[in-house]
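Just so we're aligned, residue 0 is where the sequence shown starts under numbering that gives the first Met the number 0, counting upward by one.
If you're looking for bench data, these hints aren't it; they were derived computationally from the structure.
Worth double-checking, as some hints may not be accurate.
[As the list claims (entries may be wrong)] Below 27 Å or equal to it, Euclidean Cα-Cα: the simulated DSS-like pairs (lysine-lysine) are:
(1) 24 / 47
(2) 81 / 24
(3) 81 / 31
(4) 47 / 81
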Amino acid sequence: MHTKLIYSNRGKFMRTRQEYIDILKSHADELKSNYGISYMRLFGSVAKNEHHGGSDVDLGTSVDLIRKHNNIRPFFLNQINKYGIDIFGQA
Numbered sequence: 000m001h002t003k004l005i006y007s008n009r010g011k012f013m014r015t016r017q018e019y020i021d022i023l024k025s026h027a028d029e030l031k032s033n034y035g036i037s038y039m040r041l042f043g044s045v046a047k048n049e050h051h052g053g054s055d056v057d058l059g060t061s062v063d064l065i066r067k068h069n070n071i072r073p074f075f076l077n078q079i080n081k082y083g084i085d086i087f088g089q090a
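Generate the whole structure from the sequences, applying the supplied hints.
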């Protein structure tokens with residue numbers, strides 16, 4: 000399989016959105032069995048395909064209190080819901 004390498008304007012190597020998704024999916028069983036994660040969602044700049052060499056990878060999981068937290072900013076929750084990509088499981 001040929002992997003397209005993408006470099007940011009800072010010259011740092013970065014993966015494509017699909018590569019991040021594929022990597023996470025390939026480790027789904029390990030994440031489920033070792034850490035009890037039953038659901039994972041990718042959000043933020045990678046999910047929107049706007050990431051760059053300095054970007055982090057934002058993940059929400061079933062053990063993450065993002066959806067149930069009463070004090071979460073509405074803007075942040077809206078961004079997760081609007082641009083989030085389900086990796087595995089159901090919310």
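Quick rundown of the hints versus the structure:
For the given pair, residue 24 sits about 18 Å from residue 47 by alpha-carbon distance, which is consistent with the 27 Å threshold. Taking the CA atoms of residue 81 and residue 24, the gap is near 21 Å; set against the 27 Å cutoff, the hint holds. For a cut-off of 27 Å, the pair hint linking residue 81 to residue 31 stands: about 25 Å separates their Cα positions. With a C-alpha separation of about 9 Å, the suggested pairing of residue 47 with residue 81 holds against the 27 Å cut-off.
Going through the hint list in order, the structure satisfies each hint without exception.
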